[in-house]
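Given the structure of chain A, go ahead and fit chain B onto it with the hints provided.
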Amino acid sequence: MIQAHALTKIYGQTRCLEGVTFDVPEGEILGFLGPNGAGKTTTMRILTGQCRPTQGTAAIGGHDVVRDSLAVRELLGYLPEEAPLYPEMTVQSYLRFMAGMKHIPAKSVKREVDKALREVNLDKKANRLIQNLSKGQRQRVGLAQALLGDPKVLILDEPTVGLDPSQISEIRQLIAAMKGQRTVILSTHILPEVAMTCTRVAVLDRGRIAAQGTFDEVAGSAGGRTITVAFRGSGKRGKDVLEPLIQNELLKIKDSTTTDGISHLRLAPVEDAEEMRPAIARAFVEGGVDLLELSETTPSLEDVFLKLTSREASLGS
Amino acid sequence: MSLSLRQTGLIAGRELRSLFTTPLYWVSTGVFFLAASTIFVALLFDFARMGPMRTAEDLSGNITIEVIEQLFAVIHFFLLVQIPLLTMRSFAEERRQGTLSLLTTTPVGEWSIVLGKFIAYLTVLGTYLLATLAMPLFASYLSDPEWPVVISCYTALVLAACAYVALGLFYSALTESQVIAAVLTYTTLFGLLILSQLARSLPTAELVRLAEHLTLLHHVEGFIEGQIQSASVAWFLLFSGLCLFLAVRQVESLRWRS
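Those protein sequence lines, which keep their order, are chains A and B. To convert, note that position 155 of the first sequence is 155 in this note's numbering; the numbers rise steadily by one, no gaps. To convert, note that position 123 of the second sequence is 123 in this note's numbering; the numbers rise steadily by one, no gaps.
The shape of chain A in the complex, shown without the other chains:
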């Protein structure tokens, strides 16, 4: 549904995006992650037709975002990072106005506005002036605007900023429920939000895609799961007993520490980690080394994010 190919955006001397390529199939929810200044908002602005890429192409629903911008905008619902609103309007009149801008037929406007208000839990504030709403309520008005007319594609930039915990939970449930019905790109700094709502992840760093795919695929590209072993003796002793596995390229040693005669090795299995654990245990027993602990850890999204973005930073420098 959404394809971006080799998107590059240069502002003056600054390259904000560099060959960004990704694809969001229909019905998927893509979490767009990246530190500040990574190029997330620029990518979203290109997709929503607010700026033109210096190089590369992007298409939504088969329509090029530059050449066929009007057709793309017919498919889109967009919530920018700070929802731009007309403060002098009431919530309802603002949404009615935006419904008209989105070509929603006049006879359906009331129904669509009421539905959007219910979805963001603002139906009781419909007649309030926007200038009198709290930041969180304004953010929900912006989200209601994006939801108007059931757009096939939703692009949401930080949709839960400024909301209280119960509102955040409601909005996350709302977005997660869109899976299979709408194609969504969700940009956020809140990593658990991605884990809760998204089916795919793209990590953007310094204008480049550092990793993308399902969460497992991204975790794999960041180093995947880790097996930790603790044993008596020096780290070298442990490396010796694991040498056959390392030589057969089944394992890699990430790092080794020794404290008070007890060593810890962190191992990266090349193949399936669960199948490697018995082989590692056997190697220690056969080598006559006292094995104290053998555990497997899955990296958290935070670990993956930090690893990918810091790796890109070190490659960049």
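Calculated directly from the structure, the hints in this document are not laboratory data. We put the CB at the ideal spot given by N, CA and C, even for glycine.
One-sided excerpt, in silico: chain B residues whose CB lies under 7 Å from chain A:
#1 LEU10
#2 SER18
#3 GLN97
#4 SER101
#5 THR105
#6 VAL108
Okay, the calculated beta carbon distance ranges per label pair:
#7 B:ALA35 with A:LYS110: 42 to 52 Å
#8 B:VAL179 with A:LEU129: 24 to 34 Å
#9 A:GLN173 with B:ARG17: 32 to 42 Å
#10 B:GLY98 with A:LEU129: 10 to 20 Å
#11 A:THR297 with B:ARG6: 57 to 67 Å
#12 B:LEU129 with A:LYS110: 34 to 44 Å
#13 A:GLY62 with B:VAL179: 41 to 51 Å
#14 A:LEU70 with B:ALA42: 46 to 56 Å
#15 B:ARG6 with A:LEU129: 18 to 28 Å
#16 B:LEU129 with A:PRO87: 23 to 33 Å
#17 B:VAL27 with A:LYS110: 31 to 41 Å
#18 B:SER230 with A:LEU129: 45 to 55 Å
#19 B:TRP26 with A:HIS189: 37 to 47 Å
#20 B:VAL179 with A:ASP68: 34 to 44 Å
Derived pair list, reagent style SDA-like, types lysine to any residue, alpha-carbon separation capped at 20 Å:
#21 A:LYS152 with B:LEU103
#22 A:LYS110 with B:ARG6
#23 A:LYS110 with B:GLY13
#24 A:LYS107 with B:LEU10
#25 A:LYS152 with B:PRO107
#26 A:LYS107 with B:GLY13
#27 A:LYS110 with B:LEU10
#28 A:LYS107 with B:PRO107
#29 A:LYS254 with A:ARG237
#30 A:LYS236 with A:ALA279
#31 A:LYS107 with B:LEU5
#32 A:LYS107 with B:ARG6
#33 A:LYS135 with B:GLN97
#34 A:LYS135 with B:GLY98
#35 A:LYS254 with A:ARG232
#36 A:LYS135 with B:ARG96
#37 A:LYS254 with A:SER234
Relative to chain A, chain B alone:
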């Protein structure tokens, strides 16, 4: 070119509502009517003082020249002062608030946006002009003004309002600063007025005529004297069309220039 009448109407309605919430609108409207009425009453007093010395035929010609034409010249000047104050916020405020870039992510065409705002400001000025109709009507109680001249004066004001609003919209689309938008509009309008005066000092009659056709005052004066000339109508319409076209191109370029 994409133009939807429904979207144009909605944008015009929203712009009007937004304008009515600004203190500047109410203050400038109040000043406009207060100043216009004061000047009208002063012109009437002047006219009435000379009344007993005139024949009935003189009276009709003189109320047109001494009251109606003078009044419309003043109202035209007020429009020159007021329109930049009203139009300066049209795009500049939306650019500052970010609402213009949100609008450009919806399937609304640039012509709908620009024409919607154009219609909104013309509606406001139309109500001003409609209200000023009370003045020639009142004058007709005292004497019998030449109504073709009154119609010609209103034609001038409507055409001038179209041109000045279109210019104001274009400059407002150029910048996020309302002040800069107003200054640019004033500079252009008063520049055209000054050029009208300078044109009269050119050495040959042909050059004077050519220069006058390119400037503003010549066309307005013609209308106010009761001469509806097709060249002047065309000048105002072309000027308005050009400014609206430039405003549309500017809104389009805002989308792609960022």
